[in-house]
Amino acid sequence: MLTAWFARFRWRHFGFWNLITLASALLFFMLLVLPLIRLVIASFSPARGVPTTDFSVWATYAEFFTFRYYYGTLLNSLFVSSLATVFAVLIGFPLAYLITRVELPGKLFLRAAVVLTFVSPPFIGAYAWILLLGRNGLFTRTLETVGISLPSVYGWQGIVLVFTLQAFPFVFLLVSSGLRSIDQSLEDAAINLGQTRLGALRTVILPLMIPSISTGALLVFVTTFSDFGTPMIIGEGFRVLAALIYSEFINEFGGNPRVASTLSVILLTVTVGALLIQRAYAKRASFGQDAMKPLGVYRLARGGGILAGVFVFGGVLLALLPTLTIVVSSFLEARGPILLPRFSLEGYRLARRLPLALQNTMILVTIATLLCVFVGSLIGYVVSRQRNRLAAAIDTMSMIPFAVAGVVLGVSLSITFGGAPFFLAGTGTILVLSYFIRRLPYTVRSVSGMLQQLGEQQEEASVNLGVPPALTFLWVTVPQLTPALMSGALLTWATTAREFNSTVMLYVAQTRTLPVEVFTQVLQGNFGAASVVGTVLIMTTVVPIVVLFKVFGKDEEFLT
Amino acid sequence: MSVSPESTTRLRIENLVVQFPGLRAVDDVSLDVQPGEFFSLLGPSGCGKTTLLRTIAGFYRQDHGSIFFNEQAIDHIPAHKRDTGMVFQHYAIFPHLSVRQNVAYGLRTRPGTKPEKAERVREALELVDLEELAERKPRQLSGGQQQRVAVARAIVIQPRVLLMDEPLANLDAKLRVRLRTDLRRLQQRLGTTTIYVTHDQEEALSLSDRIAVMFDGRVHQVGAPEEIYSTPTHRKVAEFVGEGNYLPGSVREASSSHVAVHVAGGHTLRAAVPGSGLVATGAELVASFRLHHAEVLRSANGATDNTLSGTVLHRIYLGDIVRYLIDIGDGQTVMAEHYAGRNDVRVRHGDTLTLRVPQDAISLFGTDGALIGR
Ligand SMILES: Nc1ncnc2c1ncn2[C@@H]1O[C@H](COP(=O)(O)OP(=O)(O)O)[C@@H](O)[C@H]1O
Ligand SMILES: [Mg+2]
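As you go down the protein sequences, you meet chains A and B in turn. For the first sequence, the residue numbers in the working numbering are 1 to 560. For the second sequence, the residue numbers in the working numbering are 1001 to 1374.
For the record, the hints were derived by calculation from the structure and aren't laboratory data. Be aware that one or more of the hints could be misleading.
What the hints assert, rightly or not - DEER-style ranges, computed between Cβ atoms:
1. B:Glu1226 <-> A:Ala285: 55 to 61 Å
2. B:Asp1200 <-> A:Phe109: 54 to 60 Å
3. B:Thr1113 <-> A:Gln510: 43 to 49 Å
4. B:Glu1132 <-> A:Leu324: 30 to 36 Å
5. A:Ala189 <-> B:Glu1227: 33 to 39 Å
Where a beta carbon is used, it is the ideal one built from N, C-alpha and C, also for glycine.
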């Protein structure tokens, strides 16, 4: 048995791809598994120099679940994220269904607007809503003059509002693409058997959409649960877990890595748990299928049509409002947190740190993107073509980053590579590493998906004609992957440029990026400057997306 | 194209076993394919033909057994060094390369000057009649043209063995028949040892020097087309290659020149098989004959021995021939056919027909399917 296995092993395992497989496993281990292990270890080990009276390994965990100061944040996080998830589904699903199925004007605009919301940087919404609904907000003051006072936008209500509008595109995009896999004949059959169109939606389409909806919901939950930019800006005392990690880690008095690690492990447990629950649930509800003739578009009765139009345009404009607010306000004259209704380019002229932040973003993001594309396509190949246990392990490991929040990754990388023997703290390298490992799974997924579709035959034909595996990859596989890789690179670029949660844990003054700069300016109350940097950031993420859509003819389905 | 010395490779396979989890896709197969031979693997889909072919090409590693090119074992040679030209079932044309670049692909890693290679590519394209389409992209080709690109690409490297996996299966019926002759002519011209996989018996019979018939990973019979068709050594082979009737019965009498078999409806079939010592009186077996070997008669008048009569259940009109499904009693049916003449009296459902089966047209199989004699 063992010798037989060994005979097979020797024969198969000394080629080019076995080397790559080994290297990929090592890479995931170093950049992902090891940091997470270090994180868990750190959560059990008393930090040096931090006085403690309790030497039990569970000390920080015990503390967490004893003091409301700590565990309250967990409850708060669960509360706002769950609410946001529910609302995101309630908005995202009908929006996707209506835009897909119902005759409406301006569909292209609607889809583009949702995508724009999707790529616009996180927490920009929070600060934009303060500009609109805050104490000195535009709407607040306008409405005050006519004697109406709005409920406060600060606190959990604001967080839920911003989270919902920021994250419902996840549900929208997944449901839109899910609807394309349903064949019109299914709806026809339901109607033929006596259902109304609404009945068919409830009894046939909705059940088939459960995997898409639940995946979307999971993404909403995990991203909002891990985000602390928004709560810190608009929460005003409503404390969430991710924000606590941030303040424990980045503390004027040196920070407490043990507490931060403990909190990170708890956050990680929740997000991984959510991922596992959703996987199990969606698997049961999944019926892999393809549409020969996708669902058609129909016209609603008059009243219904108007109602649908109001809902769709209302929802999309609401989601788009923060982005517009930022862009418009960047051209206004600013005095501290007060924006004056006068056009001005002063903000751009005076943005002292903008050039550095822009340059850093460009350089770091470009390097990370290139790494992602090169390494990701090799690993994607390994995952889809190599049939051994190591490749299977790599496949599993490549799923992990989906559930690891930016904050958690930031803390883990900082603990692992910040000090000896790597001394990467404060370097651009550590930022590149974090971007790289976060986005790598997306490239791996899309490459392995593409390869599955392409099939293996062309590669086998090449090998059969005498071309060794490495050259076969270069001559046969890469040319066929190139269009997908290019568009994947643009998407990676756009989404990495807006990365905030891990950057803020790892940056120093010289390596500040655009999102960090926006955040700093907001916290310092320089709303004008924040809008200026924010607008530049929006442009850097929008341009690649526009190229993607225009040049590559992609649509929003691509983002899922 | 010149015939290289390697194109006279003898391919020998010894006790080959290829397993997938829970399945023996190739089960103890031994073959000896002569230099320059056109050798077919024939069998129903899923019987392991592709697996065997891919093992020869080096894409799978066998669990037992060996493969030899001439006297050299190639078991440890990786796929890209085996020098086997494979024509894939779905062609596997490189979509990003033109026809010419596709054909030239295999020469990239082979020695030779540029002009030499260009000349070889040109010759290969000429052989498959594709010179005019050389600059096209595969997308712009029909199925038959793509198939020829795949063939040209495989032969241009002058492989030691040419491997073809149902190369005609994806084409329409007319084209399939035409390309069949083209393939055979090409192979004879090149003289390359060829393994040809197909599930189409007609294709195998018309193309091959020899055929190996496979079922469930095992080779049941190897032989020339005539041999496979007329003397199948197993009921499965007989059923797969050509059509026949299989009547279970019991031995009434076995002599040194005949075996008389008692079949359904009280009929007796006498087979020209020396049976004494081989079968015992009363033993269960299966008597069979090819459809076209039996003569269809309107009435049993005069015909007494070796006839089967019964009522017509269905009449199936196929143009040049007519078939009848006949109930011969005890729930047993037989199929009969004859050429449709111009003035045939129309046989109807319910009419009685008689079949006369020549003694030497009957084969006897044991209940396990093995041939007893014919
Ligand atoms: N890669 C594989 N893994 C597992 N089982 C396989 C694989 N390839 C083929 N099989 C199985 O092996 C048997 C033989 O397959 P194949 O060689 O493709 O048959 P054929 O070419 O004669 O149709 C089938 O039962 C098939 O399902
Ligand atoms: Mg096959």
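Status of each hint after checking the structure:
{"no.": "1", "hint": "B:Glu1226 <-> A:Ala285: 55 to 61 Å", "result": "holds, 58 Å"}
{"no.": "2", "hint": "B:Asp1200 <-> A:Phe109: 54 to 60 Å", "result": "holds, 56 Å"}
{"no.": "3", "hint": "B:Thr1113 <-> A:Gln510: 43 to 49 Å", "result": "violated, 56 Å"}
{"no.": "4", "hint": "B:Glu1132 <-> A:Leu324: 30 to 36 Å", "result": "violated, 59 Å"}
{"no.": "5", "hint": "A:Ala189 <-> B:Glu1227: 33 to 39 Å", "result": "violated, 54 Å"}
Checked against the numbered hints above, the structure breaks hints 3, 4 and 5 and satisfies the rest.
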